[in-house]
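K.L.:
Chain residues, written in single-letter form:
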Amino acid sequence: MEKIGRRKLLTSSLALAAGGALGAGAFGRPFSFGIGAAWADTGTIKVGILHSLSGTMAISETTLKDVMLMLIEEQNAKGGLLGKKLEAVVVDPASNWPLFAEKAKQLLEVDKVAAVFGCWTSVSRKSVLPVFEHDNGILFYPVQYEGEESSRNVFYTGAAPNQQAIPAVDYLMSEDGGSVKRWVLEGTDYVYPRTTNKILEAYLKSKGVAAEDIVVNYTPFGFSDWQTEVSKIKAFGSAGKKTAVVSTINGDANVPFYKELGNQGIKATEIPVVAFSVGEEELAGLDTKPLVGHLAAWNYFMSVNTPENKAFIAKWHKFIKNDKRTTNDPMEAHYIGFNMWVKAVEKVGTTDTDAVIDAMIGVTVPNLTGGYAAMMPNHHITKPVLIGEIQANGQLNTVWQTTGLVPGDEWSDYLEGSKDLISDWRKPLSCGNFNVKTGKCGGEVATQ
Amino acid sequence: MQLLRKLLPLAFCLLLCGQAWRAASADAIDDAAAGFGSSSYADIEQTVAALAVSGDPAAAPILQALGDGQLMVTDDHHLFIQADDGSFTDARTHQKVATDAAADARPVKVNNKVRRAIAAAMGQLTLLSPDAAQRRAAADSVFHDPNPARLPLLDSAIAKESDSGIKRRLEQARAAILLSDTATSPADRLAAIAVLAERGDQDARALISASMTSSDPAVAAAATTAVKRIDLTLSLWSGAQSVYYGLSLGSVLLLAAIGLAITFGVMGVINMAHGEMVMLGAYTTFVVQDLVRLYAPDLADYSLLPAVPIAFLVSGLVGLVIERSIIRFLYGRPLETLLATFGLSLVLQQAIRTIFGASNREVTNPSWMSGSFDLGGLVLTYNRLWIIVFAFAVFAGILLLLSRTPLGLQMRAVTQNRRMAASMGIRTEWVDSLTFGFGSGIAGIAGVALSQIDNVSPNLGQSYIIDSFMVVVFGGVGNLWGTLVGALSLGVANKILEPVAGAVLGKIVVLVLLVLFIQRRPRGLFPLKGRAVES
Chain W
1 MEKIGRRKLL
11 TSSLALAAGG
21 ALGAGAFGRP
31 FSFGIGAAWA
41 DTGTIKVGIL
51 HSLSGTMAIS
61 ETTLKDVMLM
71 LIEEQNAKGG
81 LLGKKLEAVV
91 VDPASNWPLF
101 AEKAKQLLEV
111 DKVAAVFGCW
121 TSVSRKSVLP
131 VFEHDNGILF
141 YPVQYEGEES
151 SRNVFYTGAA
161 PNQQAIPAVD
171 YLMSEDGGSV
181 KRWVLEGTDY
191 VYPRTTNKIL
201 EAYLKSKGVA
211 AEDIVVNYTP
221 FGFSDWQTEV
231 SKIKAFGSAG
241 KKTAVVSTIN
251 GDANVPFYKE
261 LGNQGIKATE
271 IPVVAFSVGE
281 EELAGLDTKP
291 LVGHLAAWNY
301 FMSVNTPENK
311 AFIAKWHKFI
321 KNDKRTTNDP
331 MEAHYIGFNM
341 WVKAVEKVGT
351 TDTDAVIDAM
361 IGVTVPNLTG
371 GYAAMMPNHH
381 ITKPVLIGEI
391 QANGQLNTVW
401 QTTGLVPGDE
411 WSDYLEGSKD
421 LISDWRKPLS
431 CGNFNVKTGK
441 CGGEVATQ
Chain C
1 MQLLRKLLPL
11 AFCLLLCGQA
21 WRAASADAID
31 DAAAGFGSSS
41 YADIEQTVAA
51 LAVSGDPAAA
61 PILQALGDGQ
71 LMVTDDHHLF
81 IQADDGSFTD
91 ARTHQKVATD
101 AAADARPVKV
111 NNKVRRAIAA
121 AMGQLTLLSP
131 DAAQRRAAAD
141 SVFHDPNPAR
151 LPLLDSAIAK
161 ESDSGIKRRL
171 EQARAAILLS
181 DTATSPADRL
191 AAIAVLAERG
201 DQDARALISA
211 SMTSSDPAVA
221 AAATTAVKRI
231 DLTLSLWSGA
241 QSVYYGLSLG
251 SVLLLAAIGL
261 AITFGVMGVI
271 NMAHGEMVML
281 GAYTTFVVQD
291 LVRLYAPDLA
301 DYSLLPAVPI
311 AFLVSGLVGL
321 VIERSIIRFL
331 YGRPLETLLA
341 TFGLSLVLQQ
351 AIRTIFGASN
361 REVTNPSWMS
371 GSFDLGGLVL
381 TYNRLWIIVF
391 AFAVFAGILL
401 LLSRTPLGLQ
411 MRAVTQNRRM
421 AASMGIRTEW
431 VDSLTFGFGS
441 GIAGIAGVAL
451 SQIDNVSPNL
461 GQSYIIDSFM
471 VVVFGGVGNL
481 WGTLVGALSL
491 GVANKILEPV
501 AGAVLGKIVV
511 LVLLVLFIQR
521 RPRGLFPLKG
531 RAVES
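Read top to bottom, the protein sequences are chains W and C. Oh and the first sequence: position 282 is 282 in our numbering, straight run, nothing missing. Oh and the second sequence: position 340 is 340 in our numbering, straight run, nothing missing.
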């Protein structure tokens, strides 16, 4: 039996493991399908869906693909758009960031879609951004994110930090939330937690929290051994001041984190954890009994009791043929984004990109929580902010919500270098990073 | 306007008199039922406090049920307690009621603030309870919420207490109250500091450290010494805790790597689909758990036990099929094996994703694997403890099999000298298949354990494959003891570095050290020696 050197073997197997993860998605081929057959020969309007259906992000993004198909089917049943049938073009970027850019290019240049609904992680959005700006496409991005970005070609239907993180911290500081004085900012090590925590740290300090009462901690992606981290939180929390954890822990790392919290006996009444990335979908994989009372901040909960939401859930269960499936916040964001796009297209009577982008601003559609979402000039929308407590049945029960709607603020007021910036895509300003102090527009690429 | 002004006092009187009348005629439970029907958390919180001081014997069970989310209220203000099996009892009479009598009952709304109020109230109500566990919980709840108003009650509880352990907790609670009360005399303060110093944990330290700035020099000095002493013991315990965490992480690494130590270490097959065998084991656990829940709900707590052999069989059979259909054609061609098994791992992942869906599956921790207990200053969680025990049991089992059974003998013979083994009449092909199947089966068993601490998702295996290779190569390929030592030392190194350097940097440091080590000793910690290796 021939043997190769072990050193070589180790390096090659590691390299392959890394390279393989990148190449994993290359097998996926785009496929498109129409819904309903008897349409006149008036052509179709293509809608791109850019969500990972394989790889690590499939867990979250597959649902968004399904909800888009549902919305498109429903619109077609209503008679389509501008008398034409909508056609979904589904591609699989396979949780692979460079592949996101390639698939976006294909959607815009080959399939010539009128709009794209897609992306989950910030890095995938950053990866497709130049493509959308170069090819002048439209992207609807449905996930809460760190802000510090505004592009003419992107509509951000998820929450900006001021629509999720800051109200959540406000709630915990209030008497109802337990008058928290000490903070653990616990996150996964990538751009969204890092930026959000930077904003939160500045915000907490502006509220008079001392530096020694804030601890920021990061763990790698997919972290599963939380024993040390949780016991550190426990020790930090037993210094006599009310302590809370603000969690920007992403994806799969949450389940072992919550299991460890439960096992080490950290109760929500002692050290509450408020999470920005944990929703109904993530809780479905967990035994939530030890977690009752821990919090999540979103702009939508499945448990919200409105006729619109009930109808949406019923439609979803019928479409997915499983009445145990949950709905979540990014699904509502796509619901809002899609309806806004339909309304804007109907308003201008064309799917021409420039016309639709201009028409989008000011479009108002109902959301699922009994209010309205309006597209602001900065391409962010107005949202209510809800704080929910985890229930034993895996649902989130609203315990607090903002009295009005909060408009999304893309450039945080709490960060140096971004507090003087505003974004306004209306003519004649039409700028994503206008500096109100210098009176100058920062330039074409409105990201930092 | 004039009329309104005249009417206003009348309306007020009606309201107040109505209240007074109700308070006079109805009892505490009726008031509570009315309060709990409210949709405002503040009202519910007030109701909890009122119920706690009412002295009604039904108050404690009602508050307990409220804390457990089992208290239901109807629109016409009846309170019911819903048991785990869904049946209802009347909160006042404790009689079972027909389910349709409570048909329109809805759970009383609870948030964290209400939960805190319940804990405080329960602490007060159950201090004199006949149940020792309840008294202990009550003492702890008073300790965490030191309120001077509770002092008289606490004193009477201390006088009556016969259990020395609970008595100590009660005295600690008393000391906590004394220290947080500004009116306490210096002498009492000194005594309280002594009591808490004996407790010696983080909570005690927090309470004592507030007295370090006391105006009384004796108190300040006593507090400072006590805090110093507590800090010393705490840092010793935290060192021990890190080692325990390291052992725990090491045992997880051992479980993940030990199957690979057989397929890669003993057979030399670079099996990139090893992680997927682990994942299959985890999904088997999920399926077994659901079947047990369906057919024998009483035994749900023990569904892990049958899951172990079944996972072994499932992963082992899949491994056998893989060996027979793919790997046996690739012996001696490591790079091709690597590619083929990597492709296979993607196929298996996507297959599981198609069958079970992309989202995580819930594998419940059985009650005997939930929670933790204290050992001195150590917090030991049951699930980690069982996994350590399990990992060592699996390791011992494999050692026994390899050294004491005919199959083990044949395995060793084939790997050490294939041609000689063949000429002794051993069917080397079959031994290869069985060894690979055995290694895969062990990976499946690891999956049962990992389902308890990690996500059961199609990506489960991916997160362990690199670590597994690391452990096997570090320990020395082909040496099971090396795998054991490698796994434990990597685990402990990681956990000792983590509090100092942080999780991200800690991991990087360990990787860098490992690379340096492999540079110096490419064959790992315990290299195999002898001619068979050289060839």
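Just so you know, the hints here were simulated from the structure itself, not pulled from any lab data. Where a beta carbon is used, it is the ideal one built from N, C-alpha and C, also for glycine. Each hint should be verified, as a subset may be incorrect.
[Said to hold, decoys possible] Partner residues aside, some chain C positions facing chain W, computed with beta carbon under 8 angstroms:
| id | residue |
| --- | --- |
| 1 | 167 |
| 2 | 249 |
| 3 | 358 |
| 4 | 364 |
K.L.:
Next step is simple, just say for each hint if it's right about the structure.
P.N.:
To see whether the hints hold, each was checked on the structure:
A hinted interface residue such as residue 167 of chain C counts as satisfied when its beta carbon comes closer than 8 angstroms to some beta carbon of chain W; here the least separation is about 23 angstroms, so the hint is violated. The interface hint given for residue 249 of chain C holds, since its Cβ lies 5 angstroms from the closest Cβ of chain W, which is under the 8 angstroms cut-off. Among the interface hints, the one on residue 358 of chain C holds; its C-beta lies about 4 angstroms from the nearest C-beta in chain W, closer than the 8 angstroms criterion. The beta carbon of residue 364 of chain C comes within 5 angstroms of a beta carbon in chain W, closer than 8 angstroms, and the hint placing it at the interface holds.
Hint compliance for this structure: hint 1 is the single one not met.
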